[in-house]
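Colleague: Here's the letter readout for the chains.
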Amino acid sequence: MAADAVGGILLAGITLYAVLGGADFGGGLWDLLAGTTARGRAPRALIDESITPVWEANHVWLVFDLVIFWTAFPHAFAAVMIALALPLWLAVGGIVLRGAGFAFRKEITRLSLRRAAGATFAFSSLLTPFFMGTVIGAIAAGAVPANASHASLAVWTSPTALLAGFLFVAACGYLAAVYLIGEAGRRGGSVMKTYFTRRAQAAAIVAGALSLAALVELHHSNPALYGRLTGRALPLIVLSGVCGLAVLALLTAGRPRGTRLIAALGIAAVVWGWGVAQYPVLLPGTSVTLTNAGAPASTLVALVVLFIVALVLIGPSFALLFTLQSRRLLGAGEDGVLPAAGPAGRTGRPAAALPRQPSADRQPARAARAAARAMIAVAVLARWLRHR
Amino acid sequence: MRAHETALLFASRVAGQVVPARAQMATTLGFHIILACLGIALPSVVLLAEFIGLRRRDEVAMRLARRWSQAMGVLIAVGAVTGTVLSFEMGLLWPGLMRSYGAVLGFPFAVEGIFFFLEAIFAGIYLWGWRLLPGWAHWWSGVPIALSGIFGAMSVIAVNSWMNTPGGFTEQNGRITSVDVWQVFFSRSAVYEMPHMILAAYMVTGFTVAGVYAAGILRGRRDRYHYTGFALGFVPAAVLTPFQIFVGDTAARAIAHDQPVKFASMEYVARTSRHVPEWLGGVYLNGHIYAGLKIPYADSLLVGFGPGTQVTGWDTVPPADRPPLPWLIHLCFDLMVLIGFLLLLAGLWAAWEWWRRRRLPPQRLFWAAGAVSGVAAIIAMECGWVVTEVGRQPWVVYRLQTTAAAATTNGGVLASLSLVVVAYAMLGAATIAILRMLSRRWRRGDLEEAAIPYGPPPWAADQATGPAGP
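So the sequence lines, in the order shown, correspond to chains D and F. Mapping to the working numbering: the first sequence position 286 is 286, numbers consecutive. Mapping to the working numbering: the second sequence position 98 is 1098, numbers consecutive.
So here's chain F without its partners, still in its complex pose (with noise of 0.2 angstroms):
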C-alpha cells in the first residue's frame, strides 16, 4: 500500500521534471557542443596555420595561427566550464539513468577524461607558449591537442552510441552483474555516430572559420591575410564534406535496422510496407502530411537499393514508445540532410574555379554563400542531434530505461532551467562579444602596422625572440 502511494507520487513529481530537465538538457548541451565542435578542430586548423607558416616562413598564416589560438583560449576556457556543467547535470538532472547504468557508460567517460586532461595540459603549454617556446617545439606541443580532440570526442560519442544501441553488460535483479567496456565503447552505432561526429565537427570549424573571412571579403577587405584566413578553413572543410554525406547516408541505413521507430520519424514511415516514399518537407499532423513534397518509392530505394525494400514503420510499437513530434524530427533531419548538399556546392563551385581558373570565385554570391556557411554547419550539427536525441524519446537507453525514470525526482527544474537559460544568453553574448574585440583590436593593429612604413610596431621586439621572428 505504502509502496504504491510512494510509486504514485514519484510519477507524479516524475512527470513534472522530465520537460524541463529535458529542456536544462537540451540548452545546455546545444550549447556546449558548438564550442566542444571548436574545441575538437579548431586546433588542427590552427596547427594547419602555423605548419604552412613556418615551413614557407609565411607571414600571414603565422599571424592567423598566433591570432587564432588567442581566440581558441577563450573557447577553451568557456568549454571546460559549459563541459563541466553537463557532467554534473548527467547526475543533478538524470539521477536514475547514472543509479541503473553509472558503471556502465561511465567508463567511455573515464576514457574521455584522459583526453581532456592532454588536451587541457597541452593547451597550457601551446597557448602561452609563443613567446619563449622555438617554433617547432611550440608545433609539436600543439599536436597532443589536436589528437586528443579527436579521441576524446570517439570517448563521449561512445556513450551516445551506447545510449542508442545499449549492449555489453549483463543486469540480474536491476543490478549490472557484468560489464564488457570494449563492446560499451565499441557498441553497434558507435562505427558510424563517431565519425559523422568528428567529420561534423571539422566542417563546423572549417565553415565557421571561412564564414569569418568571407564577411571581411565581403565588406571589401580583400587582401592576403583574409584569403588565407578563409582558404584555412574553407578547403578542409570542404574537403571532408562529400565523406561526411557518405558516411551520414551510411549512418542512416544503419538507423533503418538498430533504431527503426527513430528511423520511421525521421522519414515519416507510419506503417511498415515496402515501396515507402520520400518525404521532402512537410508536416506530419494528426495522420496526415502537409506541404511536403513526395518523391514514390525513394525511401525504401534508399533503405535497401530496391524499391521493394520493407521499411519498419512506427506501428509496430505501442503509442507510448514512440517518440514525441515527428515532424520535429523529419524536418531537422531534412535541414540538416539540405545543409550538407548545400555546403557541397559551395565547395564544388570553388573546385571548378581552382581547376579551371586557378583562381577562388569572384562572385558575390559564393562569399555571401561562405558568410553563411559557418552558421549554417553549426545548424546542421544541432539538426543531428535533435534528430538523434528526440528519435530516441521516450527512452534514454533504448529500449532500457525511460527518460521519466531516468530524470531527479528533485523540484525546481523550472528554476535552473530559467536560470541556465539566462546564464547561457549572457555567456554566448558576452563569448561573441570578446571574440569580436579582439578581432577589432587586431585590424586596428594592422592599421597601426601599416602605419608603420619601416620595422615592426614598437611592441614588437619583444617578440622577436617567438617562432616568427625574423
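Only chain D is shown next, with the shape it has when bound in the complex (with noise of 0.2 angstroms):
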C-alpha cells in the first residue's frame, strides 16, 4: 500500500519533471534552432525571459524525483544506475553545460562568448532529454536486469531506447513551443505567436508520428511491453493522443487558449500510461516490484509524509512563482544584461525593456500592487502568530 502510494509519488514527480522542466530543455531546442544573432533575437528573448526564474525551481523535480527512486527502491535504483551508467553520465553533462550556459550567457558582454555560451546552453539542452529518453526507453523495454554488474551498451541502444530519446526531445520542443505561444501572447508580440504557433504544430506533428512509430517498432520487437501498452494503459494512450490532435486542431484554428494545459495532460498521460503498463513491477522482465525492491515499509510510510509536508510546503510557494512570473513581476537584477537583445545584445540596460514596450506601463503596476498586497497579508499573518 505504502510502496503504492510512494511509486505514485515517484511518477508524480517524473510527470512534473517531464512537463515542467521537459519545457526548458526544449526551451533550448527552439533557442538553437532559432537562427542567426539578427534573426533569432525575438524568439531568444522571449525563451530567455520565460525560462529565467523558473528553470532551476523545476530542476529540482529531477533531484526529487532521483531522491525518492534511491530511498523507496533502492535495489531497482542501482540496477539502472549500474546497467546505464552511460546515459546517465551523458545526460548529467548536458545537465551542467545547459545550466552553466544559460546562467553565464546572461552576464556575458562580448558578442563572441555571450554565442559561446549561448550555443553550449542550446546544444546541451538536446543532450539530457536525448539520453534521459534512452533510459526510460530501456527499462520500458524490460533491458535493465535486476543485479546488473556493469554497463551495457546493448541495454539503451535498442530501436525502442533510441526512439524514446528521440520521442523525449520532441515532446520537450512541442511542450516548450506551446509554452512559448502563451508567453507570447501574454507580452503582446503577434509575431512570435503566429512564430511558435507553427513551431508547436510542426513538433506536434514529429512528436506524433514518433510515438506512432515507437508503438509499431514496440509490436514487432517487444509484443510483452506492446500488449501492456495497448492493454490497461489502453486508455491513457488514447487521451494523449486525442489531446495530441487536440492542441493541433485548436492551433491551427488559431485559438491557442487552453492548449498549455491540454499538451501537458497528454504529456502526463504518456507518462501514467507507461506507469500503469508496467505496475507493480519496477524492472519489466525482472521479479522487481514496488514492493520488494528494498526499502521497509517504514522507509516508504516516512516517505509518504514527507510528501505530504512537502505539497503544503511547496505547492503555494511554486503558486506564487508561477503567479509572480505570469505578471510578469520578475525581471533582470540591476544592470543585468538585456536579455531581449540576445547574442547581438547592447548592454547597459536594464533587461526586457525591448519585448515590454506595448503595456509596460499598466499591467505591471496593478500586478505589483495585487502581489504586494498579498504579501502584506502573509507578513501580517506571520507577525500575528509570532505574537499569539
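Hints were generated in silico from the structure; no laboratory data involved. The structure displayed is predicted, hence computed values, not measured ones. Glycine included, every Cβ here is placed at the ideal spot set by N, Cα and C. Some hints here could point you the wrong way.
These stretches of chain F come out as covered by chain D in the derived footprint (C-beta under 8 angstroms, 3 or more residues) [what the hints assert, rightly or not]:
1. 1077-1083
2. 1094-1106
3. 1111-1123
4. 1369-1375
Mind docking these for me? Both chains are given alone in their own frames, and the hints should help you get the complex.
Modeller: The structure is reproduced here in C-alpha cells:
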C-alpha cells in the first residue's frame, strides 16, 4: 500500500519534471534552431525571459525523483545506475552544460563569448532529454537486469530506447513551443505568437509520428510491452493521442487558449500510461516490484508523510512563483544585460525593456500592487502568529 | 565454484575502481561544497545588506545587496548543477552504498529535497524581483532562501553524520527491515557536525565577501562602498569564529569517543595510552614523526581535561581497518585549526581597534589578512572535509560497509574522472571569470555615475519603481 503510494509519488514527480523541466529543455531546442544572431533575437529573448526565473525550481524535480527512487526502491536504483551508467553520465553532462551556459550567457557582454555560452546552453538542452529518453526506454523495454554488474551499450541502444530518446526531444520541443505561444501572447508579440504556433504544430506532428513509430516498432520487437501498453494502459495512450490532436486542431484554428494545459495533459498521460503498463513491476523482465525493491515499510511511510508536508510547503510557493512570473513581475536585476537583445545585445540597459514596451506602464503596476498586498497579508499573518 | 570466481572478479574490478571513484567524489564534492557554503550563507549576507539599505535608506548597502544578488544568481545556478552531479554520483559511483543503505540515508536527502525546492523557488522570486516587487515584500521573499539554506545543510550533514555514526535501523540477512527516521536524521554525530558545517558556511561566505572588498581597499579604493562591503561580510564571520572554535573543540572530543580511529589519525595516537602528547605539525612515516612539535600530555588534557586521560590509538583495529595517509589527516586537521585561530586573531584585532578608536585597523597587514581570509576559510573548510572523509576510510558507513564494497563495478571511472576534472576546471574558471567581469562592469558603472554629477545614469529611470527608488 505504502509502496504503491510512493510509486505514485515517483510517477507524479517524473510527470512534473517532464511537463515543467522538459519545457525548459525544449526552450533550448528552439534557441538552437532560432537561426542567426539577428534573426533569432526575438525568439531567444522570449525563451530567455520565460525560462529565467523558473528553470532552477523546475530542475529540482529531477533531484526529487532521484532521491525518491533511491530511498524507496534502492535495489532497482542500483541496477539502473550500473546498467545505464553511460547515458546517465551523458545526461548529467548535458545538465551541467545547460545550466552553466544559460546562467553565464546572461552575464556575458562580449558577443563571441555570449554566442559560445548560448550555443552551449542550446546544444546541451538536447543531450539531457535524449539520454533520459533512452534510459526510460531501456527500463520500459525490460532491458535492465535486476542484478546488473556492469554497464552495457546494448541496453540503451535498442531501437526502442533510441526512439524513446528522439521522442523525448520532440516532446520537450512541443511543450516548449506551446508554452511559448502563451508567453508571446501575454507579452503582446503577435509575430512571436505565429512563430511559435508554427513550431508547435511541427513539433506536434513530429512527436506524434515518433510515438506511432515507437508503437509499431514495439509491436515487432517487444510484444510484451506492446501488449501492456495497449491493454491496461490503452485509455491513457488514447487520451494522449486525443490531447495531441486537440492541440493541433486548436492551433490550426488559431485558438491557443487552453492548449498549454491540454499539451501538458497529453504528456502526463504518456508518463502515466508507461507507469500503468508496467505496474507493479519496477524493472520489467525481472521480479523487482514496488514492494520488494529494498526499502522497509517504515521508510515508505516516512516518504509518504514527507510528501504531504512537501505539498503543503512547496505547492503555495510554486503557485506564488508562477503567478509572479505570469504577471511579469520577475525581470532582471540591477544592471542585467538585456536578454531581449539576444547575442547581439548592447549592454548596460535593464533587461526586458524591449519586448515589454506595449503594455509596460499599466499592467505591471496593477500586478505589483496585488502581489504587494498578498505579501503584506503574509507578513501580517506571520507577525500575528508570532505574537500569539 | 562459480560464485567464488565471480567474487574474485568482483574484487579485482573493485580494486581498480575505488580509487578513481573516491578521487572523482572528492573533486566534485570539494568543488560543490564551496558553492554550497555560498548558497547556505550568502542569502543571509545579502538580506543583511538589503535590511540596512531599507531600514536606514542606505544607498550604498542597497547597491551592494543588488550586486551581490546578481552574483548569487550565477553561484546558485552553478551550485544547482554541481549539486545535481553529486546526486547522480551517489548512484553512478556508489551503487553498492545505495543498494544496501539507500532506504536509510535516503530519508534525510528527501528532507533536503524540500528545502532545495523552497530555495530554488524563492531564489527565482528574490533574484528576479528586484525591479518590480516593493521593498519590504522583496526582502521577505529572500527570507525563505536563507532559512532553507540552513535547514537544507542540516539535512545533507545528517547523511554525512549518519555515515560516521550509523544507527536508527535494523538489518536482517543484508536487508533493511525497519528504519527510525528520527534517529537516522539526528544520529550521534549530527549534534556537532551540523553546527560545525553551518558555521563554516557562514565563515566561508563572510570572509570571502570581506576578502573581495579588502583586496579593493588594498588597491587604494578607500571609499564607503568598499568599507561597507567589507564590514557586511567580515563582522558576521568574525563574530561567529569563536563559536566555531568552541563547536570544533567539542566535536573533536566527541570524535575521540565516537570514531576513535579517526581521532587517532588526527592526533597521531598510535597506541592506546595515557599521558598522550599533542603533535603540532609533523609527518608520520613508518612509525616516526618527523618535524613535529610535541607538547607533552596536551592531547590527554584536550580529550579529558586531565593528563591521565586514556586516548584510544589506531592499534585497536587491524591495519586493514585503519585510514590511509595519517599524515594527510593530521596535517589537514592542524591546518584547519591554525586557520581558525588566525581568523579569530583578525577578528579580535578589528574588535580592539573598534573598541578603542571607533575605526577599523589602518595597517596594511590587517587588510592583507582580510584579503586572504576568504581563501583561508575555504582551505580550512576543505581540510575539515578531508579529515572527516579520509579519516573514516576504509569505511563508507562506519564499521558497516567498506568504500570498496560501495563502489561501482563498472569500468571506466578513470575516464569519467578525467572528464570531470577538465570540466570542473573550466566551470570554476568560467565562474570566476564571470564574477570578475561583473565586478569590472560595476566599477565602470561607478565611474559613469561619477561622471554624471547630477541625476541618475540614463537607464536608472526604469529602476525608479524599485525598492531603492528615491
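Colleague: Does each hint fit the structure? Answer for all of them.
Modeller: Hints, one by one, checked against the model:
1. 1077-1083: It holds: at least three residues are needed, and the stretch 1077-1083 of chain F offers 6 whose Cβ sits within less than 8 angstroms of chain D.
2. 1094-1106: With 10 residues in contact (Cβ-Cβ under 8 angstroms with chain D), the coverage given for the stretch 1094-1106 of chain F holds.
3. 1111-1123: holds (count 11)
4. 1369-1375: It is violated, with 0 qualifying residues against the three required.
Hint check: a violation occurs at hint 4 only; the rest are consistent with the structure.
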